[in-house]
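Asker: These protein sequences, in sequence, are chains A and B.
Take 32 as the starting number for the first sequence in this note's numbering and just add one per residue.
Take 32 as the starting number for the second sequence in this note's numbering and just add one per residue.
Careful, some of the hints might be misleading.
All copies of an identical chain are treated as equivalent in the list; a pair is satisfied when it fits inside any one copy or across any two copies.
[What the hints assert, rightly or not] Straight-line alpha carbon distances no greater than 20 Å define the calculated EDC-like cross-link-like pairs of lysine to aspartate or glutamate that follow:
| id | residue 1 | residue 2 |
| --- | --- | --- |
| 1 | LYS117 | GLU231 |
| 2 | LYS117 | GLU243 |
| 3 | LYS326 | GLU258 |
These are computed hints drawn from the structure, not numbers from a lab.
There are 2 protein chains.
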Amino acid sequence: MTAASPEAGVLGLDIGGSGSRIAWSGLEPGPREELTGPRVRVSTAGSSVPQLMRELLDTAARTWPGRLRTLHGIGVGSTGLASLVKDPTGLVAQLTAENACPAALAVDAVTAHLGAFGGSGGAVVVLGTGAIAVGHPGPDASGLHGPQWRRVDGWGHLLGDRGGGAWLGRHGLELAMRAHDGVNPSGAALLVAARRRFGEPATWPGQLYTREDRAGVLGEFARDVVELADGEDPTAVELVRQAGREAAQSALAALATDRDHHPGGFPSAGPLSVHDVPSQVVLTGGLARAGGALKEGFTARVAEHTRAVTIREAAGDPLDGALTLARLAARERLSSQEGALWI
Amino acid sequence: MTAASPEAGVLGLDIGGSGSRIAWSGLEPGPREELTGPRVRVSTAGSSVPQLMRELLDTAARTWPGRLRTLHGIGVGSTGLASLVKDPTGLVAQLTAENACPAALAVDAVTAHLGAFGGSGGAVVVLGTGAIAVGHPGPDASGLHGPQWRRVDGWGHLLGDRGGGAWLGRHGLELAMRAHDGVNPSGAALLVAARRRFGEPATWPGQLYTREDRAGVLGEFARDVVELADGEDPTAVELVRQAGREAAQSALAALATDRDHHPGGFPSAGPLSVHDVPSQVVLTGGLARAGGALKEGFTARVAEHTRAVTIREAAGDPLDGALTLARLAARERLSSQEGALWI
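Taking the hints into account, I'd like the entire structure generated from these sequences.
Answerer: Now the structure itself:
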């Protein structure tokens, strides 16, 4: 272990579709201080993640000038890294060079995993604006190594992100539009809520399609859907419960137990290490705090699984995980895995 | 009726998510000549419809210089007019002034209606890249007047367009991703087809979210879904059948018969004239030609309706409808209706 001065510390960054955060903490686990920043935007020029990272680091340098002189590692968990950021390897090399300390970049679900399990193995599913699950057997004596991360979903609001905020908001707005169109009245309460937030339905396309943070806009409506579910509107309850079921399916797939049912030939998201991943799952992310119907759906779907799987509460959040990643990077106890983690 | 020289003619424009067309035809109904143009793009600056209109008119002026000197009317049917184009009223005024003849602008479903029913009343549903339905009682002796257009859907690929090409492609890609993620193997054949078209799944988000013609990209995959359905892949068959059912629901709602089930208080898409609209529906648009499971789903859903509704074949296409609109504009036999038609 590196000898560290009392002020030796690390930085953790958590970058998502509804906001970003940066935290400073000691090289040994302990309390953290944090600052907030804006959310990710996606345009024809790509994702704004690299620019956001730089902005957060600049803010940290201005806020904590003394502490950044004794920086030992940087850990970043971010949305869209595996798909929308063009060159994660180049980005981490640049981070390392500019800050003169080891750095690691991971998809947001990896930092959520590190935060949630605090060192043990299992699968975590993160419901934020998006939705992604990862499974990992956990670190061994030499550290946390790939290629053992199994990733499920995180494909964005048009291809997946099943059960996440944008998914929930989009389905809620679709049902509201069915009510508006006279096709199906079951979304009547959702229509009232959507009118309150966005105005007349005819104006919604113009508000949504021209925005670069479409997923964030859809995710905003998820709050109304959850609120209606809490008030027992049956359509909203069913939708929120379905979000919980989707989250459970992704977590179970990240445990790789599905291969049990489909021996051979089954398309798999990544390298499997099925017997090594402990059968425990954590549901986390901003939307996971919705509780109620969401947790019911999640629990019910896990219980339907063919193998016994334990549901745990998260030990810490993704920003804790980003700090853990930074500490592992500082001690060179990490290895890269394409699509999950870059050092 | 205006006395017209032998060359007196009109222009019709049909602007959509997968391409655009402009046609010249006589002031009296007869054969048409046509040219093609690019598809609509949507960016933070709004929709490219106004610019596309200008390009098509420029091309027509270069191709048919003699004919455009005796132009009596212009009719435009376009996607996104009611929601993404900022000022349809200003746009039609500009068209009229620049071309020194009456012009009319309508949402694409209105020109589809005029083409499909060739003058009688009913409801048409257009399945192109998007999906929209409109109902109208048909013209009377004095022409075609609002406010009698009842519009359903056409809300774009995130809010609706139920049963259209982007809807079908998006659902197909979602199922392909479920197979890739190991969540549900039923989309295995869709995954094979999607890999063939777009490459490895991890690259799909980068190909899709950074594009301004996302709906068009999703719509391209609809072709593969239809092809798989023709080859009897059960998941694709079910999806294409569901598209047909969605189309039927929109057409039935455009007949306004749903109010029969929900007297009072039911949110409605526009002014109703329920007893005037003949109970006949037409399924049209590029995707409607898919046939097979799509028509089965459409027919089955119409048959489940509480009232007898006749399914008809379209007499003509939306470009024919745009020419009809131009002829009605030339004779000043139209009136505006916000959200449907502007003169």
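Asker: With reference to the structure, classify each hint as holding or not holding.
Answerer: Hints, verified against the model:
| no. | hint | verdict |
| --- | --- | --- |
| 1 | LYS117 / GLU231 | between (38 Å within a copy, 15 Å between copies) |
| 2 | LYS117 / GLU243 | both (18 Å within a copy, 18 Å between copies) |
| 3 | LYS326 / GLU258 | within (15 Å within a copy, 39 Å between copies) |
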